[in-house]
Amino acid sequence: MASIQEDILEEFYRRLSEAEGFTEEKVKLVRELFSGSKKPKAADVIKVFSQSPKEELP
Amino acid sequence: MIQIESIHIEEFRGIRDLTLNMDRGSFAVSGPNGSGKSGVVDAIQFALTGEIGRLKGAGTGDLSLAEHGPHVERRSDPDAAAVRLTVYVPHLKRSATITRTVKKYKQPVIAPNEEAVRAVFANLAEHLEVTLSRRDIIKFILTEATQRSRDVQTLLKLDDIDLVRATLKTTENKLNSEYLTAKTQAEAAEESLKRHLDIPVLKPEDLLLAVNKRRTLLALRPITELKKDTDLSEGLSSGETQDANSLTKETALADLKALRETETSGPESALHETVTVLLQNLGKVEKDSSLLPLIKRHTFIQTGLDMMDSQHCPLCDLDWDMIELRAHLREKLEKSKEAKIVRDQIVEAGQKVSTEIVSLRGVIDPVSKLPEVSKDASTRFGEWSGGLAVFSKSLSSLEGIIGAKERFEAGWAATPDSLLGDLDTIRAQVMARPDKSATKDASAFLVLAQERMNILRMARRNAEEKRANALLGKAAYKTYCDVSEEALITLYQEVEQEFGSCYRFINQDDEGEFKAQFDATDGKLGLLVDFHKRGMFPPAAYHSEGHQDGMGVCLYLALMRRVMGNDFTFAVLDDVVMSVDSQHRRQFCKLLKTKFPNTQFVITTHDQVWARQLRSEGVIGSKSSVAFHTWTVETGPVLDEVAEVWDKIEADLGKNDVPAAAGRLRRHLEYVAADLADELGAKVSYKADGGYDMGELLSAVIGRQGDLLKSALKAAKSWEDTDQITAIEALQNARSEILAASNGEQWVINKAIHYNGWADFSKNDFRPVVKAFKELLQQFRCSKPKCDSWLSLTPRIDPVDLRCACGAFRLNLKAK
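The listed protein sequences correspond, in order, to chains A and B.
The opening residue of the first sequence carries number 1 in our numbering; numbering runs sequentially from there.
The opening residue of the second sequence carries number 59 in our numbering; numbering runs sequentially from there.
Don't read these hints as lab results, they were simulated from the structure.
Check the hints yourself; a few may be wrong.
[Unchecked claim] Partial chain A-side listing against chain B, Cβ under 10 Å, derived:
hint : residue
1    : S3
2    : Q5
3    : I8
4    : F12
5    : A19
6    : E24
7    : K28
8    : A43
9    : V45
10   : I46
11   : S50
[Unchecked claim] Straight-line alpha carbon distances no greater than 30 Å define the calculated DSBU-like cross-link-like pairs of lysine-lysine that follow:
hint : chain 1 : residue 1 : chain 2 : residue 2
12   : A       : K41       : B       : K164
13   : A       : K28       : B       : K433
14   : B       : K164      : A       : K47
15   : A       : K47       : B       : K286
16   : A       : K38       : B       : K582
The beta-carbon is built from N, C-alpha and C at its ideal position, and this holds for glycine as well.
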């Protein structure tokens with residue numbers, strides 16, 4: 001049986017995938033971070049969230 | 059999860075050598091205080107987790123598994139202290155064995171040594187809560203809300219939720235901080251461009267107007283639309299571009315003016331209030347010598363918590379119980395909460411000053427690059443701007459901010475005393491510049507406009523990127539908080555309902571409309587319970603100790619059901635309902651049997667009545683219990699295995715030891731007679747000391763049996779139920795034969811002829827007695843091996859049925 005924590009994370013990933021700005025790749029990376037046996041550091045998450053595609057501005 | 063098939067205990071705690079066969083069913087261990095029951099609980103817990111709960115926690119500082127795990131006579135031989143547990147794993151559909159010795163408690167021997175089996179035991183090792191005592195369970199009810207929240211979170215394995223939330227919060231804060239810095243840099247770049255263009259607001263049309271004025275002068279094609287790749291200096295030759303590497307006079311003057319205005323208004327003025335509060339907090343730190351250690355400890359503990367991602371402490375690298383260590387550290391964090399508020403205010407002020415420094419350097423640096431700046435002045439500007447950059451960096455740490463107290467008091471901008479003089483000198487020199495030709499001036503204007511435009515574009519791109527990142531951080535944190543809060547609300551609602559349902563089941567006679575209410579906010583888990591429809595109160599407000607015991611075990615069962623779902627196949631209940639009265643314990647038995655039919659409960663109790671109720675209600679089978687009569691250091695618990703009594707009597711007779719066999723039969727009949735008298739409502743003369751004679755009880759039971767069979771026959775005849783009539787008559791005939799064989803009728807009539815003479819019997823004379831009593835007792839129990847429970851009356855007052863626990867034996871007692 002999935003733990004409550006696992007249930008919460010699954011729903012978290014699902015909602016992220018529907019949220020603006022979270023590409024499939026980004027959600028996948030977040031999932032990989034939180035699925036590991038070691039709890040990720042904020043710096044790891046920042047790295048994932050900082051991989052935004054650069055856009056030219058007028 | 060698992061179900062226990064058997065447990066073998068050697069030289070462990072108070073037990074020397076004991077094997078219990080539990081056969082995957084619920085099992086009772088009864089006996090008076092100090093008879094060794096808890097040794098069985100300790101052994102199960104040890105085998106599964108490598109720990110003994112009662113040797114841990116408050117007040118156990120001098121206790122250790124290594125020293126106090128082995129039997130007291132073998133305390134120097136931890137290798138001899140061993141527990142072997144044979145379990146069945148339902149989802150693997152196979153049995154497995156785990157053996158631990160105290161010496162190598164972290165290295166259990168698992169068989170079969172396969173990954174799937176190892177995973178099962180590894181998972182179980184995280185579930186210390188499968189063996190809880192009354193003391194452990196009642197705390198869920200009686201503890202204060204903050205502690206209850208922690209205990210329940212620990213039980214539900216919710217610790218990780220807080221850890222993930224903290225990580226996402228830190229992520230959000232850092233990304234937002236990066237964005238604010240980038241935004242300030244973009245604003246500074248925009249100010250710089252506006253000064254150059256001499257326009258108050260950066261609108262494309264105003265920008266193009268200023269630019270096209272110069273382009274027209276240079277006979278260059280006007281730019282009609284500002285695009286993201288527009289080059290404002292397009293059309294200038296490379297020579298013109300190189301010649302125009304100095305600022306136009308107007309821009310230089312505008313940059314000088316901006317720096318002067320900043321100096322005049324006071325660079326620190328925008329953050330006056332922030333720095334005032336900061337200095338107050340720094341004063342507190344200076345005044346109260348205990349505050350800084352508290353603040354540092356808070357940071358240290360928080361860092362430690364963040365780094366706890368294995369079974370090793372990140373500081374000492376030793377193995378710890380991570381759940382316990384986390385709970386301990388959280389408690390410390392709670393104690394330094396006020397210190398955290400001071401710390402947060404200090405760090406926030408540091409971040410604000412750091413951001414302001416970006417703006418300030420944005421007006422210093424253009425001036426420092428003017429060709430009119432002397433070498434000395436250039437050094438001063440460089441030192442000022444560079445010093446601000448270093449200072450800004452130092453503000454990223456608490457220690458850096460605390461160490462900068464004097465600078466904050468003196469004026470953190472550290473404006474050089476010579477600034478106004480330098481600005482005057484530079485301005486005079488700029489004013490004295492020989493006027494360039496209008497065309498050269500226009501070329502320089504366009505080149506610099508493009509340069510500052512490029513800087514602004516880059517700064518804006520960076521700021522926009524950081525903003526997008528910050529939005530992701532914010533959204534992720536909010537999403538996680540929303541999801542976890544919704545999950546926890548649902549979880550607590552489910553537990554609340556299950557808890558209420560279990561409690562109502564036990565107390566349906568007096569609290570059939572009981573309800574409970576959880577309130578989970580701010581790290582607290584409040585619990586209010588209904589008291590006879592007079593309102594919602596804390597559990598300890600009006601409910602008796604017995605009712606509180608009932609609440610504790612009901613909440614535990616509700617939580618375990620929620621945590622484990624269908625995997626809740628096993629739990630040890632160590633004397634958990636000691637304050638619950640007999641009637642409610644009976645209901646508790648029914649609760650276990652009906653609501654948790656697939657869970658194996660290993661139940662210890664010092665109360666023989668409850669041990670009997672467990673059997674009569676069918677929670678445990680007749681072969682699923684052991685009674686510890688007494689305990690000695692030399693032998694450990696002294697047992698009376700109810701299930702094996704007939705085999706043991708036969709073994710005694712095999713050794714021609716009739717006195718031993720007679721004694722065993724006598725004890726068994728004493729034990730059973732009390733059970734049956736209770737189950738069948740046999741009438742005996744009341745004795746205040748409860749010292750009923752076995753013959754007296756058994757006579758009453760046999761008499762009551764006769765009466766009940768007569769009632770059942772009368773009822774069957776009234777209903778014209780021929781099958782029942784035949785069955786009851788058969789029972790009556792069998793009963794007559796058995797009583798005759800056991801001399802029971804005479805015994806019933808004259809109970810003075812009793813067991814005392816058995817010890818003088820020969821083996822061959824005694825065997826028929828044993829056979830007769832065995833058959834006699836069989837009349838009072840279900841013949842189905844899986845049930846094997848005593849017959850009992852349902853309900854106990856004004857009974858309708860005489861039945862067994864499984865319902866295979868059922869006689870209606872009510873006539874038409």
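Going through the hints against the structure:
Nearest Cβ of chain B to the Cβ of S3 of chain A: about 6 Å, under the 10 Å cut. The hint holds. Contact between Q5 of chain A and chain B, as hinted, is supported at the beta carbon level, the nearest pair being about 5 Å apart and thus within 10 Å. Contact between I8 of chain A and chain B, as hinted, is supported at the beta carbon level, the nearest pair being about 5 Å apart and thus within 10 Å. With a least beta-carbon distance of about 5 Å to chain B, the hint placing F12 of chain A at the interface is held under the 10 Å criterion.
Given hint, A19 of chain A at the interface with chain B, holds; its Cβ is 5 Å from that chain's nearest Cβ, closer than 10 Å. Taking 10 Å as the C-beta cut-off, the interface hint given for E24 of chain A is violated, the closest approach to chain B being about 14 Å. Interface hint status for K28 of chain A: violated, as the beta-carbon distance to the closest one in chain B is roughly 14 Å, over 10 Å. Hint status for A43 of chain A: holds, given a least beta-carbon distance of 8 Å to chain B, under 10 Å.
Given hint, V45 of chain A at the interface with chain B, holds; its Cβ is 4 Å from that chain's nearest Cβ, closer than 10 Å. Satisfaction of the interface hint for I46 of chain A is found here, the shortest Cβ-Cβ separation to chain B being roughly 6 Å, below the 10 Å cut-off. At about 5 Å, the closest approach between the beta carbon of S50 of chain A and any beta carbon in chain B falls short of 10 Å, and the interface hint on this residue holds. For the hint pairing K41 of chain A with K164 of chain B, the CA-to-CA distance comes to about 29 Å; that is within 30 Å, so the pair holds.
With a CA separation close to 55 Å, the supplied pair K28 of chain A and K433 of chain B exceeds the 30 Å bound. The suggested pairing of K164 of chain B with K47 of chain A is violated, with an alpha-carbon distance near 38 Å, which exceeds 30 Å. Restraint check: the Cα-Cα separation between K47 of chain A and K286 of chain B comes to about 28 Å, which is no more than 30 Å; the hinted pair holds. About 27 Å separates the Cα atoms of K38 of chain A and K582 of chain B, which keeps this hinted pair within 30 Å; it holds.
Violated hints, in rising order: 6, 7, 13, 14; the structure is consistent with all others.
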